[in-house]
Each structure stands twice: as structure tokens, then as C-alpha cells.
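Protein chains in written order, with the working numbering: chain E, 1 to 416; chain Y, 1 to 416.
FYI, nobody ran anything at the bench for these hints, they're computed from the structure.
Be aware that one or more of the hints could be misleading.
Chain copies aren't distinguished; within one or between two, either way the pair holds.
As the list claims (entries may be wrong) - Pairs of lysine-lysine residues, derived as BS3-like cross-links and limited to a Cα-Cα distance of at most 27 Å, are as follows:
(1) K300 x K193
(2) K77 x K101
(3) K77 x K405
(4) K12 x K305
(5) K112 x K338
(6) K101 x K62
(7) K413 x K214
(8) K151 x K77
Please read these numbers as outputs of a predicted model, since none were measured by experiment.
Protein chains: 2
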Amino acid sequence: MDFTEIAKKSKKASLDIAGLDTGVKNRALNTIADELESKRSEIFDANKIDLDSAQILVNEGKLAKSTFNRLKLDENKMRDMIQGVRDIAKLDDPVGKILFKRELDEGLVLSKVSCPIGVLGIIFEARPDVISQISSLAIKSSNAVILKGGKESINTNKKIMEIINSALGKVGDFPQNVIQQVFSHDDIAQMLKCDEYINLIIPRGSNKLVKYIKENTNIPVLGHASGICHIFVDKSADIDMAVKLVVDSKTQYPSACNSVETLLIHNDFEKKNELLAALQLEEIKLIPKPDDWSTEYGDKILSVKFVENINQAIEHINTFGSGHTDCIITNDSENAQKFMNNVDSSGVYHNVSTRFADGFRYGFGAEVGISTNKTHARGPVGLEGLTIYKYKLTGSGQIVDDYSKGIKQFHHKDLS
Amino acid sequence: MDFTEIAKKSKKASLDIAGLDTGVKNRALNTIADELESKRSEIFDANKIDLDSAQILVNEGKLAKSTFNRLKLDENKMRDMIQGVRDIAKLDDPVGKILFKRELDEGLVLSKVSCPIGVLGIIFEARPDVISQISSLAIKSSNAVILKGGKESINTNKKIMEIINSALGKVGDFPQNVIQQVFSHDDIAQMLKCDEYINLIIPRGSNKLVKYIKENTNIPVLGHASGICHIFVDKSADIDMAVKLVVDSKTQYPSACNSVETLLIHNDFEKKNELLAALQLEEIKLIPKPDDWSTEYGDKILSVKFVENINQAIEHINTFGSGHTDCIITNDSENAQKFMNNVDSSGVYHNVSTRFADGFRYGFGAEVGISTNKTHARGPVGLEGLTIYKYKLTGSGQIVDDYSKGIKQFHHKDLS
């Protein structure tokens, strides 16, 4: 089918699902979870086909082993995937929340009410579990979605999508075409151009993919191209805390976007050599002169720089960072405040591991992704990030001319 | 100067102003107002030069009379312009607001705090009063701004900018380069490409300008290309109210974006002929078969269509509207709810004029513009639309590994 036709169907579906009852949406989510559960073996079979093809590519050196691992669904991933759908059913409905209510004048009441964004375009790489996760988030937030997955997982993707849509077909009142999938590479280019129907693009994959998408569309993109996180060890830092936090931030999951990549150390920090020695004992490779200060290693490697003062640290971060998550380790609360106010990042931390930057750890109950955008949603994004709002104004025949001529006056009383 | 150099300076200025004290910002705004006041005659002189050149173009038929009028600063506009700056000084500071505060675990506290977006790029046409308005909004919200005005008002723009920057120079602690201006047409193309330094583009001008900008940048754009607003007169509408509301929505200021362009009438509305006759008496030209249903007349002209039922009305609006502001006139509260829930527009109104869609009327105290976007800010946008947020996390050495291994658990207690 032509991409525009698919997009038009999505737009229609987005209007159909916009006002759908919370109960119906939750029933849809639980039905999806049940069907995924009962058809696990079919999914594993489909995944096996993809894995066999992928294994050949790995053997030929044409596919990274890490991609193969992301592609592979095992019992644990399957359990998490299904539980993830059920968890989203349990969350509050982000749609229909009254964000404020204000009487503009007697009998003229304005409400700001949360509502869905519309149509989401999702472009993801090897991980097939993205389908059920994003589909569930879309359903809960009353958005329609068009998914384009990587070719390596095409059989798994098709099977999961088939199960999801078969489940949705069993739920009375659930509109059609809310979850659609496209397959050809050409669909990506078309999706990026389709600003008439698609309201938000969410890329899930490599930095390269996200960068490409951000540069090639004028549709808003939610995500981050890179995660160059910093830790600044101030003069007054506690050595034990510094070691503990840098080790956790670097080694707890080195390929995560919220892992630290650059360590800035105050020149006057007395225990600097002790710190560096301790990190080396943890098998962290220290690079004092990196090729550039914006390298995301994704491994147990750390760029290290000594700075004269906190201002230099802040300037370094604002110049070379990616606006993701940056931390100061200090016992000087004034410096902590200065750092947190002046570092222009989505997360500014004091005496904690950068690895806390995560929607679940923040208590959002779900995570759409982590955004380094400066508009709409920043940092770990929960369901709320998939909503916008509309203004509802109700009256009884009020006209602007009366206010313009001074016959009537606004009184702007907040009701809630 | 090279545009990239200007943009870099803006980025630096945005970091300098990000944490600036509310008092300093308000002092800056009041100083600007004072200087504009005391140098009114210089501004009028500069405006006279622009008007003389513009008059020749008008005479030659090369410039629209309406553009000439927007260009012209008179005593009223000058007074409003200066008062506008003082009004913004009086508003609450939108920066530094704690949006939520949550204890993730004992001693591990997360706050979501509002902060500026960064660098705003403003592209505007003839109206020179945009400079002081947008500059004031930017200062109050701690953003840096690069303005590019139309060539017709270049002398006025330069003079106002000179006065603003001279005023800012007199305010102690106010950082440099917060307000910058560029002049060449080529600067627009460069601004639209400058996503490394510019975080948000705000166009102020014709639909054509806004459309061009939206299509030619991947920087987020705040605004609306068109305002195709609808009124649906339901079967149960009150005839007097219908006449009053349609007349106000169409004639109170026909060239405004929130004026109604299409009137949808329920086929079974008994007084439909009476309504049409009354509108014609008000010299509103009715077009039953327009060239297309997305024409923004900007004049006392109205497309008219009869529909079979409310669903047809909703579908028409969601197909041909611009998502700006749409109204139902009805005495049937169920239909009113249905309309307001299912029409996908920034403003959905019941029994009131579409002309209420405005930041001042909504009680925002200032208006950045009206947005038909589905992300970040929608509808009339106040100062809040020039902010985003950051997450501050403070602790005492907490690491993720402890939570990952189950040694510690999050308890997610909301503190405010």
C-alpha cells in the first residue's frame, strides 16, 4: 500500500481513538498481553528464522554481535515484554486531565485539558520488543502509530504485530488501524516527509539513526542522538563517594546513554591520584587526551580532564556535552547549586550516579525514551510526553466586541 | 558578521542569562520602557524614513497598503508598545518554578524545574513593534534572541534595537548579546539551518512566511500557518445567539487568525434562512461553493455548508480546518461535549465567539503567538511557552547498582 494511504488511515484512527474510554484501552492492553503470552512459541519460532539469517551475517562479519543480541528474544525478554504491556495498563490515563480551569468572566469558563498528539511515527532498529512497548504506550495515550522496524527482525516484527492486531480485533469498540507497520526502506524517507499526517517521530536505535532522522525531517523528533555525560569531581569531594559514583556511572551498564563518558577533576582535589588509581583497578581505561571531547565510548573507557575551577567544568560541559545528564560531586553546596543552575542539561545531578536518568527510576511507570530536546519534553519521557492539550471554552453567547468596547471586563478567576 | 558567529554569541548569552535574577530582568525591562519613552521622537523619525520609502512602493503598486499600515508607528501603537514592555515586567518569572518534587528514596530527591529554552530565532515582517515585544518576552523568560525583520522597516528596527541595547548596557549585571538583530535576506536561510545553536524559531508574519519557514527547517517552529476557524450551528441552536456569535466571530476583526471562515449549519436547524438573512444584513458575503474549504478570507466573507448531522460537521472540521479554533452553537450539552472532545483543534468552543482565542483574554498576561502545533505549546502561548524544564537530582552517594541488585528500593514519594 502507498505510504500516504497508510498515513491517512492512521490520522483517521488517531481521531477515533482520541476520546476512547480508559476501560477500553486497558482491556485492549491486557488482551494484547494475554495473546502474546499464549502465542509465545509462535513468536519464538519467528524470531528463530530472523536469528538464523542474522547468524549467517554475523559469521560473515556483516552484522555486529551486539545487534544479534538485541534481536534475540529469550524467556526473560519475553516475560519483561509482556509484563511491560500489563504495567502500562495499570498507569493513570494521561488523557483528559484538567491542567487548569479558569473563569474568564461570569459564565465564561476556560479549561486546559490534556489530549493525545495524534499520529506517532516510530523508526527502530533490531529490538523487536519495541513494537509491543511503543504500541502499548500509544494505546494508553490514545495516539495512533506507524512502526518501521529493522529488516533483521522482520519475521519477529510481523508476528508480534499480527498478534497485537488480532488481540485488538477482539476488543469491542476498539478502532481500526491504530497500530500499523511498514516494511520497506523507502517508507522511512516517506515517513520523514509526511508532516501532513504524522505529528511526532520517535527513533529508537543507534546515534547514527537518530542523527539522520533529526537532520532529515521537519516533523518534531523525540529522542537523543548521543549521551555525552560528565562527572565533575570538585575540590571538596569525598574520595570514597567519588570512586563509588564514577564506577557506578561508568560500569553499571557501559553502553547505556546515561553512562558517564568524561571525568572532569578539579586541579586542587587532593586525592586525584587516588581516584584515578581506584578507577584503573576497576578496569576503567582512562584517556587523558581523547580524539575529541564528545566521544561516546559505550564501554569501560573514560576521557579525563583536569580543570582549574568549577566555571571551567561548567563551560566544558556546555561546550562538549550533549545536554543529557551531568553530575557534580562536591561537599560545597554553593558549588552544587551553581553547577545545577548553569549546566544546560536535561539532568543536573549532585552526588549521585548519572545512571539514575531513567523514566522508571524517576517514578514515571513507563518510558518513551530520553530526550535532549529543548522543547516539548526533556529528559526521561513518560506517558505525559505523548500528550498535548486543548483549550475548551464554554459560555452562553459571549462576544469579544463587548470586552473590546469595555462593556464587560474579564476577571480571570482560577477555579482549580 | 558571519551568522554562525552571531549564533555562537547568542548561545553564550543564553547561558549567561539563564540564571539571571528576576529583579535584574525586571529592571532591564523597565529601563527599556523608559528609554523607548524618552527617545520616542527618534523612533518616529526613523519610522518616517521607512514610511517615505514605503509610500513610493505603495504608489507604484509594489507594496500592499495593509503592509504600510502595519509598518506605521503612531502615538497609540507607541504607547501600547511601551506599556507592553512594562506589563511583562509585572508578570511572574516563568523560570525556576518547581513543577514537581519527589523523593525517589530516602535522601534522593528529584525536582523538575522550569528553565529557559535557550536561543530563539524570530523572523518577522513589517511590524516594528514586534522587536520590543519579543525582546521583552525573551528577557523575562531568560532566553537569548536573534531577530530578523522585514526590509521595509529596517530604519525603525535598527533604531529600536539601538535603544534596547543602550538601555540594557545601563543595567548592571545584564549579560551581553542577549538581543541581537540580523538584516540580510540570506540570514533567514542561515538561521533556518542553524539547529546547532538555535532552539526555537518564532515566525511573525503572513501565512506564506510561516509556511515557508515550517517547510524549510528542522528547528522547532512555534506558530500557525493559517487560521481556518469554523462555527457549527447545531439543530438546537438559539437563533439570536447564533447571529450574535457568527457576526462577532466574523466581523469584530476579520483579518485576525481567530476569525471564523466557514459556517456549518445543521440541515434541520429550523431558522437557517433567518440566520443567513441576518448575516447578509451585516454585510457578510456568503459563499456556498467556495473554491476550497480551506480558504482564509481575512475579510467579511464566509464559506457556508449544510451538514446532515454533528458527525459530518466534526469530520469536515478535522479534514479542512487548521486546528486553530472551532465552535459549536447548541443547546444540546451532549452534542457540545461530543464536539469539544472530537474536534482536534487547539481551541474547542461552546456558545462563544471564536475571537476569544487570545493569550490576553485567556489571562496569560502576554502572548508569544498562537500555535497550531501538536507538541510543546498549543493555542495561545504565554511566557510559559518559552520555557522547558530540567531535572535536578540530589543525593549523598547513591548508586544504581544497589537498586538494580535489590539492595535498595525506590519509594517515589511526592513532596509537592
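Verification of the hints:
no., hint, result
1, K300 x K193, "neither (39 Å within a copy, 36 Å between copies)"
2, K77 x K101, "neither (43 Å within a copy, 33 Å between copies)"
3, K77 x K405, "between (65 Å within a copy, 18 Å between copies)"
4, K12 x K305, "between (54 Å within a copy, 22 Å between copies)"
5, K112 x K338, "between (35 Å within a copy, 17 Å between copies)"
6, K101 x K62, "neither (58 Å within a copy, 48 Å between copies)"
7, K413 x K214, "neither (42 Å within a copy, 36 Å between copies)"
8, K151 x K77, "within (20 Å within a copy, 60 Å between copies)"
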